[in-house]
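Trainee: Chain residues, written in single-letter form:
There are 2 protein chains.
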Amino acid sequence: MNTFSVTILGSSAAIAARNRGLTAQVLRYGRELFLIDCGEGTQFQLKRYKIPMGHINRIFISHLHGDHFFGLIGLLSTWHLLRRVQALDIYAPAPLEHILKLQLEASGTELNYPLTFYPLSAEIPQLILDHPQLEVSTLPLIHRVPTTGFLFKEKQPPRRINPQTIQHYGVPFQAIESLRMGADFTEPSGKVIPNAELTLPGPESRSYAYCSDTAYNESLIPLIAGSTVLYHEATFMHDRASSAAEKGHSTSVQAATIASKAKVGRLLLGHFSARYEEMGPLLEEAQSIFKESVIVEDGITYNIQ
Amino acid sequence: MNTFSVTILGSSAAIAARNRGLTAQVLRYGRELFLIDCGEGTQFQLKRYKIPMGHINRIFISHLHGDHFFGLIGLLSTWHLLRRVQALDIYAPAPLEHILKLQLEASGTELNYPLTFYPLSAEIPQLILDHPQLEVSTLPLIHRVPTTGFLFKEKQPPRRINPQTIQHYGVPFQAIESLRMGADFTEPSGKVIPNAELTLPGPESRSYAYCSDTAYNESLIPLIAGSTVLYHEATFMHDRASSAAEKGHSTSVQAATIASKAKVGRLLLGHFSARYEEMGPLLEEAQSIFKESVIVEDGITYNIQ
Chain A
1 MNTFSVTILG SSAAIAARNR GLTAQVLRYG RELFLIDCGE GTQFQLKRYK
51 IPMGHINRIF ISHLHGDHFF GLIGLLSTWH LLRRVQALDI YAPAPLEHIL
101 KLQLEASGTE LNYPLTFYPL SAEIPQLILD HPQLEVSTLP LIHRVPTTGF
151 LFKEKQPPRR INPQTIQHYG VPFQAIESLR MGADFTEPSG KVIPNAELTL
201 PGPESRSYAY CSDTAYNESL IPLIAGSTVL YHEATFMHDR ASSAAEKGHS
251 TSVQAATIAS KAKVGRLLLG HFSARYEEMG PLLEEAQSIF KESVIVEDGI
301 TYNIQ
Chain B
1 MNTFSVTILG SSAAIAARNR GLTAQVLRYG RELFLIDCGE GTQFQLKRYK
51 IPMGHINRIF ISHLHGDHFF GLIGLLSTWH LLRRVQALDI YAPAPLEHIL
101 KLQLEASGTE LNYPLTFYPL SAEIPQLILD HPQLEVSTLP LIHRVPTTGF
151 LFKEKQPPRR INPQTIQHYG VPFQAIESLR MGADFTEPSG KVIPNAELTL
201 PGPESRSYAY CSDTAYNESL IPLIAGSTVL YHEATFMHDR ASSAAEKGHS
251 TSVQAATIAS KAKVGRLLLG HFSARYEEMG PLLEEAQSIF KESVIVEDGI
301 TYNIQ
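As they're listed, the protein sequences go chains A and B.
Residue numbering for the first sequence follows the numbering used here, beginning at 1 and increasing consecutively.
Residue numbering for the second sequence follows the numbering used here, beginning at 1 and increasing consecutively.
Derived from the structure by calculation, the hints contain no laboratory data.
Where hints are given, some of them may not hold.
FRET-style restraints, in silico, Cβ to Cβ [unchecked claim]:
| no. | chain 1 | residue 1 | chain 2 | residue 2 | range |
| --- | --- | --- | --- | --- | --- |
| 1 | A | Ser243 | B | Glu218 | 31 to 37 Å |
| 2 | A | Glu123 | B | Ser121 | 43 to 49 Å |
| 3 | A | Glu105 | B | Glu110 | 54 to 60 Å |
| 4 | B | Gln86 | A | Ser243 | 24 to 30 Å |
| 5 | A | Met1 | B | Glu110 | 45 to 51 Å |
| 6 | A | Tyr113 | B | Glu277 | 24 to 30 Å |
| 7 | A | His55 | B | Leu127 | 27 to 33 Å |
Restricting the straight-line Cα-Cα distance to at most 16 Å, the calculated cross-link-like pairs of lysine to aspartate or glutamate (EDC-like) are [unchecked claim]:
| no. | chain 1 | residue 1 | chain 2 | residue 2 |
| --- | --- | --- | --- | --- |
| 8 | B | Lys101 | A | Glu97 |
| 9 | A | Lys101 | B | Glu97 |
| 10 | B | Lys155 | B | Glu135 |
| 11 | A | Lys261 | A | Glu292 |
| 12 | A | Lys153 | A | Glu135 |
Far from chain A, by Cβ distances over 10 Å, these chain B residues were calculated [claimed, not checked]:
| no. | residue |
| --- | --- |
| 13 | Ser77 |
| 14 | Ile99 |
| 15 | Glu110 |
| 16 | Val145 |
| 17 | Gly190 |
| 18 | Pro203 |
| 19 | Leu223 |
| 20 | Lys291 |
For every residue, glycine included, the Cβ atom is placed at its ideal position computed from N, Cα and C.
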């Protein structure tokens, strides 16, 4: 089974504080690395946590608040200085393209590597990447500027062969691959053996949903239902629910409520206001609603399985 | 005498490496702080080195290569989030104004505090700030994009009264202040006593010259002659002189040659290529030409006197 994990590079909201950097995460699938958001200092965090940053070929930016993208131009420049050649794809709100371009122009930089920019719409969920093993879709969020989360979903893994029934029906070797893909088997006599008799369900398709920043948003529930791991912002504790709503943020209780209603496997909580020194109470509030809640820490890798 | 010192926040060229951040310095004069350049991560360095960043009211940006300004937008945003109200002045190449504006617009931010932008010309030396106690002028540098260094020069301190001759000529109390400022004294008889007989020279005017990034540039010499402290970039050792010239940078030998010819008091060397692990050889090369050469370290404060 392919490695599928996420490493937190920054989990503070707005201002870096108490060993928490600004928002950025690295999602690893097999040998590929995806960068999600890129607050100031992300390139230093990549180095600090020994992420092989040359393996990052795709970057996803949720929205254009500075704590989620001010580190991008520095990372692009550093790659240029390190003579990167392989292509880079950026999925981000449209105005970012011009901002990057102006800064490269001001420094007289023509990047050594091809950069393709995919502008995102925050209106409706959209499939934005059809990768051989993964599909990436946007998740429209409720925030003060156009914002999308991202859903990374493993494509349905092949079914597993049932050795007993295969032998019983004398299925030839050449037919095995099509059985894995779900086809029925037709005997030389013309009799059809349904796939379900010859195979067992494959391993479950794993998925990672990233939701930062957003107010409480029930329309996310059908989109992320059954996700293996959900990262959801939890900027505040519940006594600040009205301030959270006003600012387009969530409380830990709200994050846990979404996790519970969407029946996800595990909830990673992050994007904490710098006002909180101690995360215990925030975690307790979440766990009272959804037991499998975790407070993320910078530099830690969480498996998605 | 007013405190006059510089704290190094970053001294690496292009890429942060080995405990050296990207270029930024805080110049302190009395209770005022000036920020010179602002590479990515400057706001974290300010915090790390416990600089009271709310006291910074003026920022000087030498040029628009990313390692000298990518941290500015993050610092402006953090001040906004921390509810800064006092005015901020930025002296920088003109294109930066639009870059900052676009990024603030993209995040829907209207700064809480007034920001005044002073566009710099890199053509000729210009007085850009006439502060009650300091004059700040630009120093045109030779680099790949328009670049200016900065000269911070204390205004001529008042002359000191000579108590013997004052008493001898019976100079009245009301005349003392004008003597300090250099005026002669006229006796009731009409006889003029020259100022030089009544006063002694005041303390020497101190100055700090900041020159990063630049190729070897002898036209700097008259502009920075006699400076108390010169910070000069020394990206390379002298075996890379031709590469330095090509890239618009200096070697440590060239920095020391400028320091020697300009007869400055002390030379601070910085902006080192990430290729150097050990700074000893680079320092030796400089000291063979100018004894009072120092390799700067991040977080260290150097007095200007």
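Trainee: Could you tell me which of the numbered hints above are not met by this structure, giving the numbers in increasing order?
Mentor: 1, 3, 7, 13, 14, 16
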